[in-house]
Amino acid sequence: MTRARALQVAGVVAALAAAVAFPQVFTNPAVTNYGVFAMIFVAVASAWNTFSGFSGYISLGHAVFFGSGAYAVGVAARDWHVGGAGVFGLMPLGAAVGALIAVPFGLVALRVRRHTFIVITIAMFFIFQLMAYNFSFTGGSSGLDAPFLSWNLQTFNNPFYYTALACAVAATAVAWLIRRSRFGLQLRAIRDDEDRARGLGVHAMRVKLAAFVLSAAITGLVGGLWFYYIAQVEPSTGFDPLFDLFVVLMAFLGGLGTVSGPVLGALIIEPGQLYLTTVFTNAYLSEILLGALFLVVVLFMPRGVIPTGAEWITKLRTRGRPAATSMPQAPGPTAVQEAQATQEAPR
Amino acid sequence: MAREIYEAIVDGILIGGVYALMAVGLTLIFGVLDIINIAQGILVVLGAYLSYGLAARLHIDLFVGLLVTVPAMFVLGVAIQWAFIRPLRGRERVSMTLLVSYAIALIIEGILYEIAGPDVRNLNAWYVTSSVHLFGFYLAYIYLFGFALAVVLVLALYLLLYRTGFGRSVRATMQDETAARLIGIDTNRVAALTFGIGVAVTAVGGMMFGATNGGFNPNSGYDLISRLLAIIILGGLGSIGGALASSVFMLTLQSLVDIWQPQWATAVFYAALVLVLVIRPTGFFGRAPVRAQ
Numbered sequence: 001m002t003r004a005r006a007l008q009v010a011g012v013v014a015a016l017a018a019a020v021a022f023p024q025v026f027t028n029p030a031v032t033n034y035g036v037f038a039m040i041f042v043a044v045a046s047a048w049n050t051f052s053g054f055s056g057y058i059s060l061g062h063a064v065f066f067g068s069g070a071y072a073v074g075v076a077a078r079d080w081h082v083g084g085a086g087v088f089g090l091m092p093l094g095a096a097v098g099a100l101i102a103v104p105f106g107l108v109a110l111r112v113r114r115h116t117f118i119v120i121t122i123a124m125f126f127i128f129q130l131m132a133y134n135f136s137f138t139g140g141s142s143g144l145d146a147p148f149l150s151w152n153l154q155t156f157n158n159p160f161y162y163t164a165l166a167c168a169v170a171a172t173a174v175a176w177l178i179r180r181s182r183f184g185l186q187l188r189a190i191r192d193d194e195d196r197a198r199g200l201g202v203h204a205m206r207v208k209l210a211a212f213v214l215s216a217a218i219t220g221l222v223g224g225l226w227f228y229y230i231a232q233v234e235p236s237t238g239f240d241p242l243f244d245l246f247v248v249l250m251a252f253l254g255g256l257g258t259v260s261g262p263v264l265g266a267l268i269i270e271p272g273q274l275y276l277t278t279v280f281t282n283a284y285l286s287e288i289l290l291g292a293l294f295l296v297v298v299l300f301m302p303r304g305v306i307p308t309g310a311e312w313i314t315k316l317r318t319r320g321r322p323a324a325t326s327m328p329q330a331p332g333p334t335a336v337q338e339a340q341a342t343q344e345a346p347r
Numbered sequence: 001m002a003r004e005i006y007e008a009i010v011d012g013i014l015i016g017g018v019y020a021l022m023a024v025g026l027t028l029i030f031g032v033l034d035i036i037n038i039a040q041g042i043l044v045v046l047g048a049y050l051s052y053g054l055a056a057r058l059h060i061d062l063f064v065g066l067l068v069t070v071p072a073m074f075v076l077g078v079a080i081q082w083a084f085i086r087p088l089r090g091r092e093r094v095s096m097t098l099l100v101s102y103a104i105a106l107i108i109e110g111i112l113y114e115i116a117g118p119d120v121r122n123l124n125a126w127y128v129t130s131s132v133h134l135f136g137f138y139l140a141y142i143y144l145f146g147f148a149l150a151v152v153l154v155l156a157l158y159l160l161l162y163r164t165g166f167g168r169s170v171r172a173t174m175q176d177e178t179a180a181r182l183i184g185i186d187t188n189r190v191a192a193l194t195f196g197i198g199v200a201v202t203a204v205g206g207m208m209f210g211a212t213n214g215g216f217n218p219n220s221g222y223d224l225i226s227r228l229l230a231i232i233i234l235g236g237l238g239s240i241g242g243a244l245a246s247s248v249f250m251l252t253l254q255s256l257v258d259i260w261q262p263q264w265a266t267a268v269f270y271a272a273l274v275l276v277l278v279i280r281p282t283g284f285f286g287r288a289p290v291r292a293q
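Residue numbers (this note's numbering), protein chains in the order written: chain A, 1 to 347; chain B, 1 to 293.
For reference, chain B alone in the conformation it holds in the complex (with noise of 0.2 Å):
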């Protein structure tokens, strides 16, 4: 039992860790343009169908094939955010954005179904199939390569954010667009390439779902959606390591009880969110809302 409790901490960590790259995505997005891109499980799936795409017909490589899809998903991210979102203004627009990121989700859904078939497919290299022995217990090794490129991608943001011009611009439009706009921020244009940037990311999340979920098809993107979802809440909207931490946290405690109660597993994020708004409604890591004037 100790063993088992120990894998699955082990598991959700490094599960986590390629969770929390999707959520940063979603929480940044969330924090400059104000918006939930539900569209964001959709696109993981779209990513992870790239990746087979790339890996079935041009037998690349899928860690290879991640310099083809980062790109292309952030162009269609940006590209999305252009079409879509930029247009919606006034006082329905929190409603109105969300319908449009579901219809994208519809949509792309939809093409998926025509292209692939419901069939649900894996994605395999000599990475997912063979494992190392670590510990005590066996991992496979997409585990450890997924986990490390997710660290090295949550660096790397961290950097863009922290130590560049334009993440202080993107932070200056998170704290207030008006202001940001007014000390000459082009705010679209940050809107656009973090947008772009928060899409980009589930090309290497979708990769890693799509060799770890244990196969997907078409419709895994409201299972995905739903869980991040509850895992930027929890972590607090908006906030960067409250998403980190969330995640670990949360993978954490579904492979925990995975272990007692499988099919109830997916349950805890949806009790465990409603049970840390009851007692913090802010999240972890959240502040308290600004009243929007």
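The following block holds chain A by itself, in its conformation from the complex (with noise of 0.2 Å):
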């Protein structure tokens, strides 16, 4: 286990480097460009999953948070009269404003499950959407623009790209962290049968509060970044359908509830979906091929390519031996039992 261990340390600290030298050896704007967007769906895609994915609620709603971040920030760089670098400061501004949203949001959303959970998420996401277009100080359907940055255009990219890349592996660690803790433990016992945990003396509202907001933090502190690397919102875009659609398929595609699942599956979508769209001038093309790529992640690896994967080296290192020895579909306690243990002993 130790030598796992240690390759997964270098792993990381691999990919890590790897993800910091990346714009000084590509130094390409249009290529550093899709580093910037995968970054940021890195960052939510880890902090979705670490509500969603963890808790097993869906929510196809966190383009409310990532919206609202974008607009905050817009709105008082615009009040406030802040430009340059200094719209950076206000990212925190739009982490605030998520989390603030999401109070209310979950109060209500949570207190119903699956389909009318999903559903609800939707319904918040019209809304806001709506309220996006019919406010004044939102500016309408034309939406906000991003203060002018007169910089080098050649490396301009270059502190959008460490800022998102910045939050990426927060909210990576994030995810990591809760994922060990007793907080992520629950959350995973919330998943696997909610009356059961409850009944085990795990407070289920605030748990499952307490990780939506958490991530609609990280929602809305990203989607400020994004505002203003794309340098305007428009409330179809600031609130996009899509946006929710994708950051899903990319848990998805990496693994639901694992760490690594939505970063890989983030390095795999993103920059793909906009290879598509730069590829496929005719947009709808590419809109076709997304969703046959959906259709063929759900149908054939519909577990996602961590734990596929997992599986089949755990398959090409058992071969050979007794039957017996190959794990079991399901290996290990499931997280009910893990937390009941944890619940019984003394705190």
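Don't read these hints as lab results, they were simulated from the structure.
Quantities reported herein were computed from a predicted structural model and do not represent experimental measurements.
There could be a bad hint or two in this list.
[Stated by the list, open to error] Listed below are several chain A residues computed to face chain B (Cβ distance under 10 Å; list not exhaustive): (1) HIS115; (2) ILE122; (3) ASN134; (4) LEU249; (5) PHE252; (6) LEU289.
[What the hints assert, rightly or not] Stretch by stretch, here's where chain B covers chain A in the computed footprint (C-beta under 8 Å, at least three residues): (7) 98–112; (8) 239–248.
[Stated by the list, open to error] So, partial list: chain B residues that the calculated Cβ filter (under 8 Å) puts toward chain A: (9) GLU92; (10) VAL94; (11) TYR102; (12) TYR113; (13) GLU114; (14) VAL128; (15) SER130; (16) THR266; (17) VAL268; (18) VAL274; (19) ILE279.
The C-beta atom is built at its ideal place from N, Cα and C for all residues, glycine as well.
Combine both chains into one complex, guided by the hints.
This is the structure:
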């Protein structure tokens, strides 16, 4: 196990080094643009997974936080006349607004489960999109513009890339820490069987709401950065139904509820999607292809790349040994049983 | 003002009847298959385009065209269920079916854009353009015809569900799939046919939507599905009576708000949904969820 742990650490360090070196090696702005978007979505997919992947409550309303973060930064920059690099300093405002919205949103939506929860998040999403269209401080359907930056075009993307990378690393680290913690265990117990988890003393509402707010804060933070990077936000881009869909697909492709899954999913899907839209000038064709990709992932890799891959590796390593040693379908105790053990232990 | 309110209520009830038909399809699919068919919205739009194609190319009357589009949509529904919904199993089935139906919606939307383009279309016929003077205001015939057709079809669905052997199988599957299978019901067949029926009604809904909505394009599906979802949740998931009542309630509410605050009229749907769920998490007519084992 120590060797596996060492390999894991080496892998993470190598991935981080590659991520840091990326804009130094590929200096073409068209390429670093891919990097910025990929990092933005790594952060968002990780944040989404920290709530939805761990708790099993599938949110299709995270665009609410993303868009609100973008609008919060946009409105603040406009009204307080913040310009230049100072706008980066406004990003925490995006996080705060995301978290503030998540509290009442969560208090309403988390009372219901499964399908109803999903639909409530969609409904919230449409309410927010409509508000962005109809209020005057949001600029209506023409949206908001970010302050103009007179930076060197060749290295323009780099500050954004490194900020996005920092967000992505932070979001992934948060997911990792939560997954290892008692809090994460409670979340997964809720996913496996909420009633039983409550019976065992998990304060389900408090735990779910905490994860929801945390996830929303990170999403809002990244929303602010995204706004500053693409330099404008409109109701249809800030609150975009496809955003929610992509984030879910990323987490799903990589492996729902794993730490590395959403990262991998975002790294595959976001550049792939950007590439498709540049290759096929016909946006409709790329839409059809994306839908087809969705179907392939869900039908042939229903548990995601990471769990399926791990299974293949286990199969390869146990090949030739007696069948009895190979892992059964669901190894180890379920999260509820683990939680039970934790709850019984003295605090 | 009194006349406007009165008119809005009549409008709401008539259009509500059409939404009821689409919502019943969606809630029936949910009840039997335990999935939310996100593609329902774009399927309605597809139904509208099919009617449009038949009317524009072959000069077939909109209502006569339904004889072609309804069976076509039924077959499409059965095919979608067979190819993409049936294979999904396991713990993540809720999110997987959601993704699959969303993917199907994307593909259909892309194909519609590819073939028909983003231009806004309208379904036209004499009964869309000419109105009848009724109780002091003018009303296009299509509203009356469509409402009548919706009522007939909802009644037919009711008879199918409560007066036939197949209907009994469907209701048994809705109550408890395992038990239904144990007593010899072919639940796979029930699921496929239910999905087909749920999709077939979108052909009618689409024709009505295309004729009354004041234009549609492939993007109209998002707005539709979110409204339909609000309706079926408000009515209580899986409750057919609830879907009927909440369609009429929501559409009436919307057309009332439309008098004073037209730009917020759509928000009423979602705001009403949130408010009702704060008070009653299972919707108007929903049963308390049975704990899954």
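Hints and how they fare:
| no. | hint | in the structure |
| --- | --- | --- |
| 1 | HIS115 | holds, 5 Å |
| 2 | ILE122 | holds, 6 Å |
| 3 | ASN134 | holds, 5 Å |
| 4 | LEU249 | holds, 7 Å |
| 5 | PHE252 | holds, 6 Å |
| 6 | LEU289 | holds, 8 Å |
| 7 | 98–112 | holds (count 3) |
| 8 | 239–248 | holds (count 3) |
| 9 | GLU92 | holds, 6 Å |
| 10 | VAL94 | holds, 6 Å |
| 11 | TYR102 | holds, 6 Å |
| 12 | TYR113 | holds, 4 Å |
| 13 | GLU114 | holds, 5 Å |
| 14 | VAL128 | violated, 28 Å |
| 15 | SER130 | violated, 34 Å |
| 16 | THR266 | holds, 6 Å |
| 17 | VAL268 | violated, 10 Å |
| 18 | VAL274 | holds, 6 Å |
| 19 | ILE279 | violated, 11 Å |
Checked against the numbered hints given earlier, this structure breaks hints 14, 15, 17, 19; the rest are met.
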